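A.B. asks: Single-letter residue listing:
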Amino acid sequence: MIKILIGIVSGIVSGTGMGGGTILIFMLTVVCNIDQHIAQATNLIFFIPTSIMAIIVNLKNKNINLKLGIYIAIFGILGAIIGANIAIYTDVNVLKKYFGGFLVIIVFHEIYSIFKEYKNEKNDNNILKKEKED
Amino acid sequence: MIKNVKLALIGIISGFVSGFFSTGGGLILVPAFMYLVKLKSNQARGTSVFCILPMVITSSFFYYQGHFIDWKLSVLCAIGGTAGGYIGAKLLRKIPEKYLKIVFTVILSYVAFRMLTA
Chain A
2 MIKILIGIVS GIVSGTGMGG GTILIFMLTV VCNIDQHIAQ ATNLIFFIPT
52 SIMAIIVNLK NKNINLKLGI YIAIFGILGA IIGANIAIYT DVNVLKKYFG
102 GFLVIIVFHE IYSIFKEYKN EKNDNNILKK EKED
Chain B
5 MIKNVKLALI GIISGFVSGF FSTGGGLILV PAFMYLVKLK SNQARGTSVF
55 CILPMVITSS FFYYQGHFID WKLSVLCAIG GTAGGYIGAK LLRKIPEKYL
105 KIVFTVILSY VAFRMLTA
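If you read the protein sequences in the order shown, they are chains A and B.
Following our numbering, the numbering of the first sequence begins with 2 at its first residue and continues without gaps.
Following our numbering, the numbering of the second sequence begins with 5 at its first residue and continues without gaps.
Rather than coming from a laboratory, the hints here were simulated on the basis of the structure.
No experiment lies behind these values; they were computed from the predicted model shown.
It cannot be assumed that every hint is accurate.
Claimed, not checked - The calculated lysine-lysine pairs, modelled on BS3-like cross-linking and capped at a C-alpha distance of 25 Å, are:
#, chain 1, residue 1, chain 2, residue 2
1, A, Lys117, B, Lys44
2, B, Lys44, A, Lys63
3, B, Lys7, A, Lys63
4, B, Lys42, A, Lys120
5, A, Lys130, B, Lys102
6, A, Lys61, B, Lys42
7, A, Lys120, B, Lys7
8, B, Lys98, A, Lys61
9, B, Lys44, A, Lys120
10, B, Lys44, A, Lys68
11, A, Lys120, B, Lys105
12, A, Lys63, B, Lys94
13, B, Lys102, B, Lys42
14, A, Lys97, B, Lys105
15, A, Lys68, B, Lys102
16, A, Lys120, B, Lys98
17, A, Lys123, B, Lys98
18, B, Lys42, A, Lys63
19, B, Lys76, A, Lys97
20, A, Lys123, B, Lys42
21, B, Lys105, A, Lys68
22, A, Lys117, B, Lys98
23, A, Lys123, B, Lys102
Using the sequences and the accompanying hints, generate a full structural model.
C.D. replies: See the structure below:
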């Protein structure tokens with residue numbers, strides 16, 4: 002039951018377009034005490050059906066640049082082969098620490114993007130105000 | 005030409021991250037698509053999901069070979085995830101993204117702290 006609940010929470014976060022995977026991995030490792038590798042593998046399987054749905058919707062809405070997508074995907078597969086192979090031979094606790102470090106980078110990236118959006122919003126508002134005044 | 009090399013590198017790096025951590029490829033691809041290729045945000049997101057799926061399938065194969073896949077756990081999470089994804093997409097229309105982002109960042113800071121000190 003708790004596992005379905007964890008799925009629901011991660012799904013909600015994914016649906017809003019933010020890293021549902023990071024939350025899923027965290028909850029599995031910390032709440033359920035599952036090994037980092039197994040949590041990451043669960044996230045991979047978790048991603049497949051949800052992303053197929055998202056791709057269908059995005060294809061219908063013409064939100065996918067196919068030429069660019071295929072080009073990136075080919076190099077991405079190459080990177081994934083390297084990354085996945087290093088990960089499966091990395092010690093569980095070391096992998097967990099790397100994951101924590103990776104999350105710190107995400108946090109800084111999010112803070113930066115929140116500030117940037119805030120700045121843009123302010124600029125937009127100023128432009129709107131000016132247009133009104135004109 | 006230089007742009008193509010840059011894009012290839014971005015592809016490899018995002019593939020590496022999504023293979024190594026099994027998550028986070030979109031974090032690299034979405035901004036790269038927006039700033040390098042000047043795609044709009046919904047196009048950048050759509051294209052990034054399209055790119056990540058083959059990377060995830062590739063990674064799954066190696067995690068499977070390493071015997072790291074717990075099918076029962078994965079199916080249970082995926083069932084919850086499908087329901088949650090639907091709720092999340094609806095929620096996105098009601099609550100401004102900015103507030104969601106702030107909440108997410110706060111939670112993530114805590115998560116990072118727990119992972120590093122565990």
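A.B. asks: For every hint, state whether the structure bears it out.
C.D. replies: How the hints compare with the structure:
no.	hint	verdict
1	A/Lys117 to B/Lys44	holds, 16 Å
2	B/Lys44 to A/Lys63	holds, 12 Å
3	B/Lys7 to A/Lys63	holds, 24 Å
4	B/Lys42 to A/Lys120	holds, 19 Å
5	A/Lys130 to B/Lys102	holds, 22 Å
6	A/Lys61 to B/Lys42	holds, 21 Å
7	A/Lys120 to B/Lys7	violated, 28 Å
8	B/Lys98 to A/Lys61	holds, 23 Å
9	B/Lys44 to A/Lys120	holds, 19 Å
10	B/Lys44 to A/Lys68	holds, 16 Å
11	A/Lys120 to B/Lys105	holds, 15 Å
12	A/Lys63 to B/Lys94	holds, 20 Å
13	B/Lys102 to B/Lys42	holds, 22 Å
14	A/Lys97 to B/Lys105	holds, 24 Å
15	A/Lys68 to B/Lys102	violated, 31 Å
16	A/Lys120 to B/Lys98	holds, 22 Å
17	A/Lys123 to B/Lys98	holds, 22 Å
18	B/Lys42 to A/Lys63	holds, 16 Å
19	B/Lys76 to A/Lys97	holds, 23 Å
20	A/Lys123 to B/Lys42	holds, 22 Å
21	B/Lys105 to A/Lys68	violated, 30 Å
22	A/Lys117 to B/Lys98	holds, 22 Å
23	A/Lys123 to B/Lys102	holds, 13 Å
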